[in-house]
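Following the hints, put chain B in place on chain A, whose structure we already have.
Line by line, the protein sequences are chains A and B.
Numbering follows the working numbering, in which position 72 of the first sequence is assigned residue number 72; successive positions increment by one, without gaps.
Start counting at 1 in the second sequence, then tack on 99, and there's your number in the working numbering.
These are computed hints drawn from the structure, not numbers from a lab.
Among the hints, a few may not be true.
List time: in silico SDA-like cross-link candidates among lysine to any residue, alpha-carbon distance up to 20 Å [to be verified]:
| # | chain 1 | residue 1 | chain 2 | residue 2 |
| --- | --- | --- | --- | --- |
| 1 | B | LYS172 | A | ASP20 |
| 2 | B | LYS225 | A | PRO7 |
| 3 | B | LYS225 | A | ASP6 |
| 4 | A | LYS45 | B | VAL110 |
| 5 | B | LYS172 | A | SER16 |
| 6 | B | LYS235 | A | SER88 |
| 7 | B | LYS172 | A | TRP97 |
| 8 | B | LYS225 | A | GLU11 |
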Amino acid sequence: MLPFPDPEEIEREFFSRFVDFRGKRVLEIGCGDGRTISYYVNEAKWIVGIDNDRDELIAARKEPRLLKEDGVPNFIQGSAASLPFADSSFDLTILSWSL
Amino acid sequence: MVHALHETWRVTRSEVLDIRPLSLSPLVFVRDRNGGDTFCGELKWCDDSGQHHIQSDTALARVIANGKFVIAKDDRFDWFDSFDTADELVEQVHDDWLTWTVDEDTALKLMRAMKDSGRGAKAFIKQGIRVRLLKKMNNERMNNEQ
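Excised from the complex, chain A in its bound form (with noise of 0.2 Å):
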């Protein structure tokens, strides 16, 4: 049988193909859980990931694949309608699974 791509493998590579992290503050809207976080937290400078749901939040905290040498990104429970930074905070913002 013709085996299924891993599809967070092909996600991952789209993330690296289309952005280069390297040195980026970042803001994950609709971080959820972290996943998606874990393809770039060793090359962005530092991260804020936001999501509604708590559960999600308090998964990400303890999710091994998240620790960087200088700690962890920072989870703040919230939504994109209004979003609590100044402007011009962050160098990328991904929309992640949330528009």
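Relative to the frame of chain A, chain B by itself:
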């Protein structure tokens, strides 16, 4: 939704990566052990989420038309979820997909195809995912359009 895009524009200095499923329905297949695929049907919206997808596309098109962003890259890929049995697929959609459902006709075709395909067959769902990189444009028009 347009407001969320305005907020995204405001806090971003240069780029936005938008990744999400296409508004087209995910497709249900059975793959036999020789790699032959049998189409069984489409997942159906179980609420008004289909409308939400259309609204997202419309909102993004609107902010692009208003000069807030330009599309720098645009591509898509297929996301495959595979299952050993028809029941597993139906249960997974019911428990985790939330906005989608397997209708009776598709479920029947799925069960029949699994039976006809014999040992080693897999049921799977194929869903199109769109990825777009948007470049922020510093167009002040958007501050006046809300």
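Hint by hint, here is what the structure shows:
Taken as a hint, the LYS172 of chain B and ASP20 of chain A pair is honoured in the structure, with Cα atoms around 13 Å apart against an allowance of 20 Å. For the hint pairing LYS225 of chain B with PRO7 of chain A, the CA-to-CA distance comes to about 10 Å; that is within 20 Å, so the pair holds. A distance of roughly 12 Å separates the Cα atoms of LYS225 of chain B and ASP6 of chain A; the hinted pair therefore holds under the 20 Å criterion. Between LYS45 of chain A and VAL110 of chain B the alpha-carbon distance is near 17 Å, which keeps this suggested pair within the 20 Å criterion.
Under the criterion of a C-alpha separation no larger than 20 Å, the hint pairing LYS172 of chain B with SER16 of chain A is consistent with the structure, at around 13 Å. Restraint check for LYS235 of chain B and SER88 of chain A: the C-alpha separation of about 10 Å stays at or below 20 Å, so the hint holds. Distance restraint check for LYS172 of chain B and TRP97 of chain A: the Cα-Cα separation of roughly 17 Å lies within the 20 Å cut-off, and the hinted pair is therefore satisfied. For a cut-off of 20 Å, the pair hint linking LYS225 of chain B to GLU11 of chain A stands: about 14 Å separates their Cα positions.
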